[in-house]
Amino acid sequence: MYQVYIDKPSYFEAEMAAEFKDLESAEAFALKEKAADSEVSYEIKETNGCVNSYGEQIAILVKRG
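Number 54 in numbering that gives the first Met the number 0 belongs to position 55 of the sequence shown; there are no gaps in the numbering.
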(Lines of atoms letter the chains of each structure in order from A and count residues from 1; the text may use other names and numbers.)
(Lines give C-alpha, C1' and ligand atoms only; values in the text may rest on other atoms or scores of the structure.)
Protein backbone atom coordinates (compact mmCIF):
# COMPACT_ATOMS: atom_id res chain seq x y z
CA MET A 1 0.00 0.00 0.00
CA TYR A 2 1.12 3.53 -0.73
CA GLN A 3 0.02 6.41 1.48
CA VAL A 4 0.08 10.02 0.29
CA TYR A 5 0.71 12.65 2.95
CA ILE A 6 0.00 16.30 2.14
CA ASP A 7 1.71 19.14 3.99
CA LYS A 8 0.93 22.86 3.81
CA PRO A 9 2.63 25.71 5.67
CA SER A 10 -0.52 26.13 7.79
CA TYR A 11 -0.52 22.46 8.91
CA PHE A 12 1.17 21.39 12.15
CA GLU A 13 2.29 18.14 10.49
CA ALA A 14 1.61 16.31 7.25
CA GLU A 15 -1.82 14.67 6.98
CA MET A 16 -2.60 11.42 5.19
CA ALA A 17 -4.76 12.36 2.21
CA ALA A 18 -5.19 9.03 0.41
CA GLU A 19 -4.08 5.41 0.17
CA PHE A 20 -3.43 3.50 -3.06
CA LYS A 21 -2.49 -0.02 -4.10
CA ASP A 22 -0.04 1.09 -6.79
CA LEU A 23 2.66 3.75 -6.91
CA GLU A 24 1.52 5.29 -10.20
CA SER A 25 -1.90 6.21 -8.79
CA ALA A 26 -0.31 7.64 -5.66
CA GLU A 27 2.09 9.78 -7.73
CA ALA A 28 -0.74 11.02 -9.97
CA PHE A 29 -2.79 12.05 -6.93
CA ALA A 30 0.16 13.81 -5.28
CA LEU A 31 1.06 15.71 -8.44
CA LYS A 32 -2.58 16.76 -8.91
CA GLU A 33 -2.64 18.15 -5.35
CA LYS A 34 0.65 19.98 -5.94
CA ALA A 35 -0.66 21.48 -9.20
CA ALA A 36 -3.78 22.76 -7.43
CA ASP A 37 -1.76 24.56 -4.73
CA SER A 38 1.91 25.48 -5.23
CA GLU A 39 2.55 25.67 -1.45
CA VAL A 40 1.70 21.99 -1.01
CA SER A 41 4.45 19.45 -0.44
CA TYR A 42 3.85 15.71 -0.40
CA GLU A 43 5.35 12.44 0.75
CA ILE A 44 4.53 9.00 -0.58
CA LYS A 45 5.19 6.19 1.87
CA GLU A 46 5.03 2.44 1.32
CA THR A 47 3.61 0.20 4.03
CA ASN A 48 3.54 -3.57 4.22
CA GLY A 49 1.48 -4.14 7.37
CA CYS A 50 4.40 -4.49 9.79
CA VAL A 51 4.23 -2.62 13.09
CA ASN A 52 6.88 -1.62 15.62
CA SER A 53 6.83 -2.42 19.36
CA TYR A 54 4.52 0.55 19.97
CA GLY A 55 1.92 -0.71 17.49
CA GLU A 56 2.69 2.02 14.95
CA GLN A 57 2.76 1.03 11.30
CA ILE A 58 6.23 0.98 9.75
CA ALA A 59 6.38 3.07 6.57
CA ILE A 60 9.21 3.60 4.07
CA LEU A 61 9.50 6.95 2.32
CA VAL A 62 9.33 6.40 -1.44
CA LYS A 63 9.10 9.92 -2.84
CA ARG A 64 8.96 13.50 -1.60
CA GLY A 65 8.00 16.53 -3.59
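These are computed hints drawn from the structure, not numbers from a lab.
As the structure is a computational prediction, the values presented were derived from the model and not from experiment.
Please note that the accuracy of each hint is not assured.
[Unchecked claim] In silico DSSO-like links for lysine-lysine, alpha-carbon gap of 30 Å or less: (1) 31 x 7; (2) 33 x 7; (3) 20 x 33; (4) 62 x 20; (5) 62 x 33; (6) 62 x 7; (7) 31 x 20; (8) 20 x 7; (9) 31 x 62.
[Unchecked claim] Derived DEER-like restraints, expressed as beta-carbon distance ranges: (10) 52 x 31: 32 to 38 Å; (11) 33 x 53: 19 to 25 Å; (12) 11 x 57: 18 to 24 Å; (13) 7 x 49: 16 to 22 Å; (14) 64 x 9: 17 to 23 Å; (15) 11 x 62: 30 to 36 Å; (16) 31 x 53: 16 to 22 Å.
For every residue, glycine included, the Cβ atom is placed at its ideal position computed from N, Cα and C.
Give me the numbers of the hints this structure contradicts, sorted from smallest to largest. 11, 13, 15 and 16
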